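Fit chain B to the known structure of chain A by using the hints.
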Amino acid sequence: QSALTQPPSASGSPGQSVTISCTGTSSDVGAYKYVSWYQQHPGKAPKLMIYEVSERPSGVPDRFSGSKSGNTASLTVSGLQAEDEADYYCSSYAGSNNYVFGTGTKVTVL
Amino acid sequence: QVQLVQSGAEVKKPGASVKVSCKASGYTFTNYHMHWVRQAPGQGLEWMGIINPSGGSTTYTKKFQGRVTMTRDTSTRTAYMELSSLRSEDTAVYYCARAGYGAKHYCDYWGQGTLVTVSS
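Heads up: the protein sequence lines correspond to chains A and B, in order.
According to this note's numbering, the first sequence is numbered sequentially starting from 1.
According to this note's numbering, the second sequence is numbered sequentially starting from 1001.
If we strip away everything but chain A, and leave its shape as in the complex, we get:
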């Protein structure tokens, strides 16, 4: 199972939007509505930001949104804030009780 492909980095100024892509295959991202996104600050455990493509857990700001088209999922952070600077990882169900993470994207707030 190969890792999902994410851009290594993305950036934006405070208040702007940034979108991160997550490209898989027809066996994982393209096959299921089970894409999730995690935020990880340095030295910390990951935090769930989006599940089932576009659902937000309680407590996650509505500035975070998710979508999917074909084999590519996306996470958009609107109204960027300094605290959004972190690494972001996507994950997808890959069938047969298997899962795969993305390669990760470092988001920088300029």
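Possibly wrong hints are sitting among the right ones.
Claimed, not checked - Taking lysine-lysine and the DSS-like style, the derived pairs with C-alpha atoms no more than 27 Å apart in a straight line are: (1) 106/A to 68/A; (2) 1019/B to 44/A; (3) 1104/B to 1023/B; (4) 1104/B to 44/A; (5) 47/A to 1023/B; (6) 1062/B to 33/A; (7) 47/A to 1063/B; (8) 1104/B to 33/A; (9) 1063/B to 106/A; (10) 47/A to 1019/B; (11) 33/A to 68/A; (12) 1063/B to 44/A; (13) 68/A to 1104/B; (14) 1062/B to 1023/B; (15) 1023/B to 1063/B; (16) 1012/B to 44/A; (17) 44/A to 1023/B; (18) 33/A to 1063/B; (19) 47/A to 1104/B; (20) 47/A to 1062/B.
Stated by the list, open to error - Okay, the calculated beta carbon distance ranges per label pair: (21) 1010/B to 61/A: 28 to 38 Å; (22) 13/A to 1082/B: 41 to 51 Å; (23) 1057/B to 7/A: 30 to 40 Å; (24) 1117/B to 17/A: 36 to 46 Å; (25) 26/A to 1103/B: 15 to 25 Å; (26) 1088/B to 19/A: 35 to 45 Å; (27) 27/A to 1065/B: 15 to 25 Å; (28) 5/A to 1088/B: 22 to 32 Å; (29) 57/A to 1054/B: 20 to 30 Å; (30) 1025/B to 13/A: 37 to 47 Å.
To be verified - Pulled from the structure, derived: some chain B residues nowhere near chain A, Cβ distances all over 10 Å: (31) 1016; (32) 1027; (33) 1032; (34) 1074; (35) 1075; (36) 1084; (37) 1091; (38) 1120.
If you're looking for bench data, these hints aren't it; they were derived computationally from the structure.
Since the structure is predicted, the reported quantities are computational estimates derived from the model, not experimental observations.
All C-beta atoms, glycine included, are put in the ideal place defined by N, C-alpha and C.
Below, chain B alone, put in the same frame as chain A:
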């Protein structure tokens, strides 16, 4: 509140085994699957496997099959991940993470991580 508390850092020699524990509290342990994920220094997240604490059934990613064993003790609400035949590339932070209720296809709570260092 949901908490996952993992065991402390370990230093192991190549060829040895390590067993990491993950004690759950604040929810019904047997109602939620548990994922195990690792992260090598400066690298991304890597999914290792999942255990159903209710019946103990497991699924391991191919990369670790034959080297990893995930178990649980329902009496102490603790999940375990044991990795054998350790090599330097296994140096990483290992996380347990609770799966979402029902469709278990995401991790909603994470442990604090356990650093395992493999060095001669």
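Taking the hints in turn, this is what the structure says about them:
1. Restraint check: the Cα-Cα separation between residue 106/A and residue 68/A comes to about 20 Å, which is no more than 27 Å; the hinted pair holds.
2. Distance hint between residue 1019/B and residue 44/A is fulfilled; the C-alpha atoms sit about 21 Å from each other, no more than 27 Å.
3. The hinted pair formed by residue 1104/B and residue 1023/B meets the criterion: a straight-line CA distance of about 19 Å does not exceed 27 Å.
4. A hinted pair counts as satisfied when its Cα atoms are at most 27 Å apart, and residue 1104/B with residue 44/A qualifies at roughly 23 Å.
5. Proximity of residue 47/A to residue 1023/B is assessed by CA-CA distance (about 19 Å); at most 27 Å being required, the pair is judged to hold.
6. The hinted pair formed by residue 1062/B and residue 33/A meets the criterion: a straight-line CA distance of about 23 Å does not exceed 27 Å.
7. A hinted pair counts as satisfied when its Cα atoms are at most 27 Å apart, and residue 47/A with residue 1063/B qualifies at roughly 25 Å.
8. Pair hint residue 1104/B plus residue 33/A holds up; C-alpha atoms about 12 Å apart against a cutoff of 27 Å.
9. Taken as a hint, the residue 1063/B and residue 106/A pair is honoured in the structure, with Cα atoms around 26 Å apart against an allowance of 27 Å.
10. A distance of roughly 24 Å separates the Cα atoms of residue 47/A and residue 1019/B; the hinted pair therefore holds under the 27 Å criterion.
11. At most 27 Å may separate the alpha-carbon atoms for a hinted pair to count; residue 33/A and residue 68/A meet this at roughly 8 Å.
12. Distance restraint check for residue 1063/B and residue 44/A: the Cα-Cα separation of roughly 25 Å lies within the 27 Å cut-off, and the hinted pair is therefore satisfied.
13. As the CA atoms of residue 68/A and residue 1104/B are separated by approximately 19 Å, the hinted pair is consistent with the 27 Å bound.
14. With a CA separation close to 26 Å, the supplied pair residue 1062/B and residue 1023/B stays within the 27 Å bound.
15. At most 27 Å may separate the alpha-carbon atoms for a hinted pair to count; residue 1023/B and residue 1063/B meet this at roughly 26 Å.
16. Note on residue 1012/B and residue 44/A: the hinted pairing holds, with a Cα-Cα distance of about 23 Å set against a maximum of 27 Å.
17. The suggested pairing of residue 44/A with residue 1023/B holds, with an alpha-carbon distance near 18 Å, which does not exceed 27 Å.
18. Taking the CA atoms of residue 33/A and residue 1063/B, the gap is about 25 Å. The hint holds against a cut of 27 Å.
19. As the CA atoms of residue 47/A and residue 1104/B are separated by approximately 16 Å, the hinted pair is consistent with the 27 Å bound.
20. Proximity of residue 47/A to residue 1062/B is assessed by CA-CA distance (about 26 Å); at most 27 Å being required, the pair is judged to hold.
21. The supplied range of 28 to 38 Å is met by residue 1010/B and residue 61/A, whose beta-carbon atoms lie about 37 Å from each other.
22. Remark: the range hint 41 to 51 Å for residue 13/A to residue 1082/B is upheld by a beta-carbon distance near 47 Å.
23. Taking 30 to 40 Å as the suggested C-beta distance range, the pair residue 1057/B and residue 7/A conforms, at roughly 36 Å.
24. Taking the beta carbon of each, residue 1117/B and residue 17/A are about 40 Å apart, inside 36 to 46 Å as hinted.
25. A hinted range of 15 to 25 Å holds for the C-beta pair residue 26/A and residue 1103/B, which are about 20 Å apart.
26. Taking 35 to 45 Å as the suggested C-beta distance range, the pair residue 1088/B and residue 19/A conforms, at roughly 37 Å.
27. The beta-carbon spacing between residue 27/A and residue 1065/B, approximately 19 Å, falls within the hinted interval of 15 to 25 Å.
28. A beta carbon spacing of about 27 Å between residue 5/A and residue 1088/B agrees with the range 22 to 32 Å that was offered as a hint.
29. A C-beta distance of roughly 23 Å is found between residue 57/A and residue 1054/B, which places it inside the suggested range of 20 to 30 Å.
30. For residue 1025/B and residue 13/A, the hinted distance range of 37 to 47 Å is satisfied, since their beta carbons lie about 42 Å from each other.
31. With 10 Å as the threshold on Cβ separation, the claim that residue 1016/B sits away from chain A holds: the shortest Cβ distance comes to roughly 25 Å.
32. Even its closest Cβ contact with chain A, about 15 Å, leaves residue 1027/B beyond 10 Å, as expected for a residue assigned away from the interface.
33. Annotated as non-interface, residue 1032/B keeps its C-beta farther than 10 Å from every C-beta of chain A; the closest such distance is 13 Å.
34. Every beta carbon of chain A lies more than 10 Å from that of residue 1074/B, the smallest distance being close to 20 Å; the non-interface claim holds.
35. In this structure residue 1075/B is separated from chain A by more than 10 Å, as the shortest Cβ-Cβ distance comes to about 25 Å.
36. Non-interface status of residue 1084/B relative to chain A is upheld: no Cβ of that chain comes within 10 Å, the nearest being about 21 Å off.
37. Distance to chain A confirms residue 1091/B as a non-interface residue, since its nearest Cβ pair spans about 16 Å, more than 10 Å.
38. The beta carbon of residue 1120/B is kept farther than 10 Å from every beta carbon of chain A, the shortest such distance being approximately 26 Å.
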